[in-house]
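> Residues per chain, in single letters:
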Amino acid sequence: MDKWLDLLSLVDFISVGILLSTVAMNTLRRIESCVKAYRLNSLLLSLLIFITAFTVGDVHLYAAGALTLLSKALIIPMFLSRTIKQMKVTHEVQPYISNGLSLVISGILVSLVYASLSEGIFVTGFSKNVLQISVAVIMIGLFIMITRKKAITQVIGLLVMENGLFLAGFSLTFGMPTIIELGILFDMLMVVLILGIFAIQIKKVFASSDLDRLTTLKG
Amino acid sequence: MENNLIILVLMIPLATACLCYVSRGHSSAAGLSIAGSVALAGFSIKPVITAFSTTASLFNGMLYMDALSGYMMSIIVFLGLASSVYSAGYLEHELASGLTSIKGVRKYYALLHLFIFTMLLVTVSNNLALMWIAIEATTLVSALLIGLGVYKRELAIEAAWKYIILCSVGITFALLGIFITYYASFGLNAGQGMLNWTDLRAVAAKLNPATMELAFVFIMIGYGTKAGLAPLHNWLPDAHSQAPSPISALLSGILLNTAFYGILRFVAVVEPSTGHAFTGGLLIFFGLASMGIASVFMLVQKNYKRLLAYSSIEHMGIISIGAGIGGPAALYGALLHILNHGLAKPLMFFTSGRIQARFGTAKIESVCGVLKSMPLLGSIAFIGVFALAGSPPFNVFLSEFAILKAAADSGSWTVVVMFLLFASIVFYGMASGFGRMLFGCKDAAGCTNFSSGQQDLWDKAANAVMITLAALVLIFGLWVPDCINQAISACAAVIGAK
Chain A
1 MDKWLDLLSL VDFISVGILL STVAMNTLRR IESCVKAYRL NSLLLSLLIF ITAFTVGDVH
61 LYAAGALTLL SKALIIPMFL SRTIKQMKVT HEVQPYISNG LSLVISGILV SLVYASLSEG
121 IFVTGFSKNV LQISVAVIMI GLFIMITRKK AITQVIGLLV MENGLFLAGF SLTFGMPTII
181 ELGILFDMLM VVLILGIFAI QIKKVFASSD LDRLTTLKG
Chain P
220 MENNLIILVL MIPLATACLC YVSRGHSSAA GLSIAGSVAL AGFSIKPVIT AFSTTASLFN
280 GMLYMDALSG YMMSIIVFLG LASSVYSAGY LEHELASGLT SIKGVRKYYA LLHLFIFTML
340 LVTVSNNLAL MWIAIEATTL VSALLIGLGV YKRELAIEAA WKYIILCSVG ITFALLGIFI
400 TYYASFGLNA GQGMLNWTDL RAVAAKLNPA TMELAFVFIM IGYGTKAGLA PLHNWLPDAH
460 SQAPSPISAL LSGILLNTAF YGILRFVAVV EPSTGHAFTG GLLIFFGLAS MGIASVFMLV
520 QKNYKRLLAY SSIEHMGIIS IGAGIGGPAA LYGALLHILN HGLAKPLMFF TSGRIQARFG
580 TAKIESVCGV LKSMPLLGSI AFIGVFALAG SPPFNVFLSE FAILKAAADS GSWTVVVMFL
640 LFASIVFYGM ASGFGRMLFG CKDAAGCTNF SSGQQDLWDK AANAVMITLA ALVLIFGLWV
700 PDCINQAISA CAAVIGAK
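Residue numbers (the working numbering), protein chains in the order written: chain A, 1 to 219; chain P, 220 to 717.
Just so you know, these hints were derived from the structure itself, not from any lab.
Fair warning: there could be bad hints in the mix.
[Said to hold, decoys possible] Taking lysine-lysine and the DSS-like style, the derived pairs with C-alpha atoms no more than 27 Å apart in a straight line are: (1) 322/P x 203/A; (2) 88/A x 371/P; (3) 203/A x 326/P; (4) 371/P x 322/P.
[Unchecked claim] Under 7 Å between C-beta atoms, here's a sample of chain P residues computed to sit facing chain A: (5) 352; (6) 355; (7) 372; (8) 376; (9) 387; (10) 395; (11) 401; (12) 412; (13) 584; (14) 640; (15) 644; (16) 646; (17) 647.
Every residue gets a Cβ at the ideal spot worked out from N, C-alpha and C, and that includes glycine.
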């Protein structure tokens, strides 16, 4: 019983780490650091899955953890770094609002999520905190997407949202069947790949990697 | 036997895509693409017809086919064929005027058939997560196709970027909805979650209503974004106006409905536990919002492809209202509207692609006298415009009327009044926008940039496609064949109208 409790608090501890690494992205000035923060985020996510797999003793969870580690912590960050190099962008993230303000707003987002899900309709799988944290991560990811100018940072925001989503799915149901999870991860890999292609084209055609220029189509 | 045919139907577009990618010249690529679509149409007839009487299930229930899948599949296959025939002439023109290269053409055909494959996969997915994967795949493939838009590189890339970002964010929420549904099913099946639609449908009444309400909200946001329902429609006018015209036709005619098909499947799972008021209310809200926002934006459009895109939002709104009112009559109207809009909208995108090729612009003010200078195309466009505006005796009017009547019968007078108000604004918007282009000045030669084009074999084939579509729009407006009525009733029974 003691061991089980320890592991549970370990799970909470790691998910807080995921939340913190997401919040930290709000203050990072360089795109490369954002990619690093994303890698840390994904590493923690796969660590969380491995620990639960160890606790529950479920083989399919090991597979899910390995898949997450491979795609989210290795392949995608590598591809992002390569794209950033190819684009030769200036390394500043250039948010629309100041770091301080975006930190405050993410704080408000987190507390809003906690307030609205506090007496949630769920009796969740193994930890109530994990669900709240995952929804908070999704919200902050969305927030990062809408407040950054660079094409690549929008992609990172989307990826953070998806990490939050996986965390939510994991906390609710211990993940999907492996074959399905494989399909979802493949789709996400493709999204990143295609967005990378378009980001390079934006750089080429607009001679800028800022999304400010993408404002011709309106109304 | 049927099961093998279903697998074959899925394999044909994949094989065609590969063949087109390695083909040599334009004529061989176009020929292969058309041959692939014809083969697809031929082989899909039997599974589709069988689907209306019995269901088929394969790969441990991963894939599944019933009347609703068959109905959607037949529309996809038909429009895929129409679009690949039309594409041949369209691309030849682009090649001739140096807008694209043979490499682009190969990529285009390969992606077109890949796109058809992903949509077919959506219709036969029984596993809800597999359906999600397929819907996300449609986004990716069609985004690449939009990125091939050649009239203005920057705008095509901008549209594709917006499309893929917004739809991916939206669909992330849909996946959350699927996770929640999966979670809700755990208690009912001895600790094993269920993802197959057929399994969930069987226990739908016992699912926790509060959990399912939350799941449905996320699904509505997620697939609603993809289906172009307002206020989540921002990507749609850009993507549909910048894509190559044959692709716009597929995007508007069927892709939106493929996403809406995802919502319909979910309604069948959610409704038994939450009751009709909840799902119906949400669908009607999104439907009316779509009609309202689209009608206002249609009044101020200066670009005819964007005008058509907003008309798609309006028609998706109508379908959503029909599904929201529920009951056999309204569902009949909504499903018939999927078909009717799927005939009329591609028709208009095909004609507007032709107009754009001749006038070199998509601006309404720079096009005039189409009826005079291109009599055949002009009259086809005339039919399409008034069909989309919802005027009799065209098919769209019939299904709109069916939905309106069902709304009146169910006593939702607010819906009726708002529906009529928005529909009349839309009529004015469509008629004034295209009226000027069709009648306008006496002679198109007076317009700047008008180029008189020679018609070759491919163009004649494309004409045949447009004439067929126009004829169907007219015929279905006067008389809906009995087999279609029966097919739609079978589909309505699948979704739950007894």
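> Hint by hint, note whether the structure agrees.
We went through each hint and held it up to the structure:
Annotation: proposed proximity of residue 322/P to residue 203/A holds, straight-line Cα distance about 22 Å (limit 27 Å). Straight-line distance between C-alpha atoms of residue 88/A and residue 371/P comes to about 25 Å, which keeps the hinted pair within the 27 Å bound. This hinted pair checks out: residue 203/A and residue 326/P have alpha carbons roughly 22 Å apart, not beyond 27 Å. Of the pairs offered as hints, the one joining residue 371/P and residue 322/P holds, with about 18 Å between alpha carbons and a cut-off of 27 Å not exceeded.
Using the Cβ-Cβ criterion of 7 Å, the hint placing residue 352/P at the interface with chain A is satisfied: the shortest such distance is roughly 4 Å. Using the Cβ-Cβ criterion of 7 Å, the hint placing residue 355/P at the interface with chain A is satisfied: the shortest such distance is roughly 5 Å. Here the hint on residue 372/P is kept, as its CB sits about 5 Å from the closest CB of chain A, short of 7 Å. Because the beta carbon of residue 376/P sits about 5 Å from the nearest beta carbon in chain A, less than 7 Å, this interface hint is met.
Against a cut-off of 7 Å between C-beta atoms, the interface hint on residue 387/P holds, since the closest Cβ of chain A lies about 6 Å away. For residue 395/P, the interface hint holds, since its Cβ comes within 7 Å of a Cβ in chain A; the closest pair sits about 6 Å apart. The beta carbon of residue 401/P is positioned within 7 Å of a beta carbon in chain A (closest approach about 5 Å), and the interface hint is therefore held. For residue 412/P, the interface hint holds, the least distance from its beta-carbon to any beta-carbon of chain A being 6 Å, beneath 7 Å.
At its closest, the beta carbon of residue 584/P sits 16 Å from a beta carbon of chain A; the interface hint therefore is violated under the 7 Å criterion. Because the smallest distance between the Cβ of residue 640/P and any Cβ of chain A comes to about 21 Å, over 7 Å, the interface hint for this residue is violated. Using the Cβ-Cβ criterion of 7 Å, the hint placing residue 644/P at the interface with chain A is not satisfied: the shortest such distance is roughly 16 Å. Proximity of residue 646/P to chain A is violated relative to the hint, the smallest CB-CB distance being about 20 Å (cut-off 7 Å).
Taken as an interface hint, residue 647/P does not check out: its beta carbon lies about 18 Å from the nearest beta carbon of chain A, beyond 7 Å.
Checked against the numbered hints given earlier, this structure breaks hints 13, 14, 15, 16 and 17; the rest are met.
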